[in-house]
Each structure stands twice: as C-alpha cells, then as structure tokens.
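Keeping their order, the protein sequence lines are chains H and F. Residue numbers for the first sequence follow the working numbering, beginning at 1 and rising by one. Residue numbers for the second sequence follow the working numbering, beginning at 1 and rising by one.
Simulated from the structure, these hints should not be mistaken for laboratory data. Hints are not guaranteed to be accurate.
[Stated by the list, open to error] Below 27 Å or equal to it, Euclidean Cα-Cα: the simulated DSSO-like pairs (lysine-lysine) are:
#	chain 1	residue 1	chain 2	residue 2
1	F	LYS86	H	LYS48
2	F	LYS48	F	LYS86
3	H	LYS86	H	LYS48
4	H	LYS48	F	LYS48
The structure displayed is predicted, hence computed values, not measured ones.
Number of protein chains: 2
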Amino acid sequence: MERNTRQRAAIERVFSEAAHPLDPQEVLAAARRYVPHIGIATVYRALKSLSDERRVVPVTLPGEHARYEAAGLDHHHHFQCRRCQKVFELAGCPGDFTGLTPPGFRLEDHEVVLYGRCNTCAAA
Amino acid sequence: MERNTRQRAAIERVFSEAAHPLDPQEVLAAARRYVPHIGIATVYRALKSLSDERRVVPVTLPGEHARYEAAGLDHHHHFQCRRCQKVFELAGCPGDFTGLTPPGFRLEDHEVVLYGRCNTCAAA
DNA sequence: ATCTTTGCAAAACCTTTGCACTGCG
DNA sequence: CGCAGTGCAAAGGTTTTGCAAAGAT
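Full structure from sequences and hints, please.
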C-alpha cells in the first residue's frame with residue numbers, strides 16, 4: 001500500500017542526509033532540490049506516514065513547532081541554542097525520574113530539553 | 001503606563017484562583033465569568049504583558065500550545081497525563097544536567113516533562 | 001483631555017482536507 | 001486499468017494586528 005513515488009524517495013533522502021532535526025518547511029526546501037514541484041501538503045502527508053511507520057521521529061520542543069529526524073537513534077534528548085536556535089542531539093539520558101513522580105501517578109515517559117549556547121555561539 | 005482595567009483585573013484573578021496551568025481559551029472562559037464581553041485578543045495581549053512583567057509564566061509543553069500559570073513558584077517541572085491531558089506541577093527538580101552537556105556548550109537552563117497517568121486516570 | 005486598552009473583524013501563520021489528476025503497480 | 005499519492009486551493013485552528021470607540025488617569 002505504500003507506493004514508491006519520487007516525492008517520497010526525495011523526502012527519505014533528505015532525512016538520510018540531514019544533520020539536524022528538520023521542520024516541514026526545511027524538508028520542503030530540501031526536497032525541492034530533487035523534485036522541484038513538490039508541495040507542502042505532500043510533505044505533511046509524508047511526515048505523517050513516515051512517523052506512523054517509525055521511519056522518522058517527531059522532535060517537539062516546548063513552544064516550537066514539530067521538527068523531525070530519522071528514526072533508529074538510541075533514546076536521547078536535545079539541546080537548543082538560545083542564540084542560533086539550532087537543535088543538537090545529546091548522547092545518553094540522565095535516567096531515573098521516579099523520584100519526582102507523585103504517589104499514585106504512573107510514570108511512562110519523559111522529555112528533557114537543555115538550553116544555552118552551542119559551541120559556536122558560546123565563543124561569540 | 002499599566003492601567004487598571006476590569007479586564008486585566010479579571011485575568012489576574014483567574015490566575016490567582018487557577019489550580020493548574022491554563023491555555024488562552026481557558027483564561028477567556030474563566031475571565032468571562034467576571035467580564036462577560038471580554039475578547040480573546042484582550043486575553044492574548046494581557047498574557048503577553050503579564051509575561052513581560054513576570055507576573056505569569058508560560059508553560060510550554062512539547063507539541064502543545066502554551067499554557068500559563070501564576071509566577072512566584074519555585075523552580076519546578078510538569079507532568080502531563082496521557083489520558084486526560086491535564087498538566088500537574090511537580091515538586092523539586094532532579095537537578096544537574098551538566099553531565100549531558102557537550103564540551104564547549106554552555107548550559108543555561110533546562111526543561112523536564114514527565115508523561116504517564118495521573119492518580120485519577122491510573123486507576124481507570 | 002489625553003492616550004492606553006478594548007473589542008471586533010481581518011490578517012497572518014501553520015496544518016489539514018477536498019477534489020480532480022497523475023502515475024505507480 | 002485501479003487506486004494510492006500528488007498538487008493546488010480552500011478550510012480549520014491559533015495567535016496577531018488595524019482601527020474606531022471606550023475608559024482610565
């Protein structure tokens with residue numbers, strides 16, 4: 001049922017080449033290099049189906065629109081630079097938040113985001 | 001420069017009575033109990049100026065529109081129930097994330113969000 | 001009386017959806 | 001061929017903005 005179209009191939013290629021999580025507009029711009037007339041609706045539909053297939057993962061930072069990155073990475077979190085706004089992947093995870101969880105609550109998952117200056121912007 | 005209007009007083013009162021972070025529509029609904037014809041634009045403008053004055057703080061969970069809560073609370077994080085979607089405040093903070101920060105990066109702040117079932121929904 | 005603030009409606013965004021057409025299988 | 005996928009444009013939802021009128025100081 002999933003057909004191989006040029007558009008879909010272009011979008012998958014974009015993710016395989018991406019160094020950072022991308023938002024839909026960035027995916028569109030990058031995919032147009034391979035399929036010039038691809039439309040934004042196709043990008044949204046592809047992001048949805050790729051997410052459903054777990055081939056890409058949404059990266060939703062607080063107050064930001066969703067970005068997406070290729071799936072298959074280990075559990076990790078992100079760092080956002082307050083100066084250049086770029087998002088970086090962090091290795092590992094601080095781990096255990098059961099101590100914060102109130103009695104009677106069931107902890108299923110967690111999200112951690114660090115903010116500050118990236119190596120480039122810390123110097124500037 | 002900041003004038004005392006009924007609308008603004010109503011919105012501040014709403015926050016002083018709120019048990020959990022409120023989104024703009026919830027603020028509007030609650031404020032209408034005190035000022036029936038208050039408009040959504042006024043709510044957004046008030047949220048902006050109250051945020052600038054640090055009288056309320058935005059609570060921006062990943063993938064969610066901003067909510068707001070009264071300022072003055074200690075540093076804390078939030079728990080969102082995956083069943084009822086409500087947001088709860090957590091006491092305390094796991095603390096130190098410098099170990100996750102890559103070399104050359106400067107850590108300034110962090111955000112932690114826990115997900116699962118609240119005490120009411122864990123039972124159901 | 002002055003000058004913010006308000007309320008409404010329109011505009012600006014981002015994302016989703018309807019529909020006829022394209023093109024994969 | 002048959003249908004899923006595409007592209008365009010219109011619709012939806014949220015937040016912002018323009019402007020005349022209301023109201024605080």
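Tested hints:
| no. | hint | verdict |
| --- | --- | --- |
| 1 | F/LYS86 x H/LYS48 | holds, 25 Å |
| 2 | F/LYS48 x F/LYS86 | holds, 23 Å |
| 3 | H/LYS86 x H/LYS48 | holds, 23 Å |
| 4 | H/LYS48 x F/LYS48 | violated, 33 Å |
Figure legend: structure checked against the earlier numbered hints; the only hint not met is number 4.
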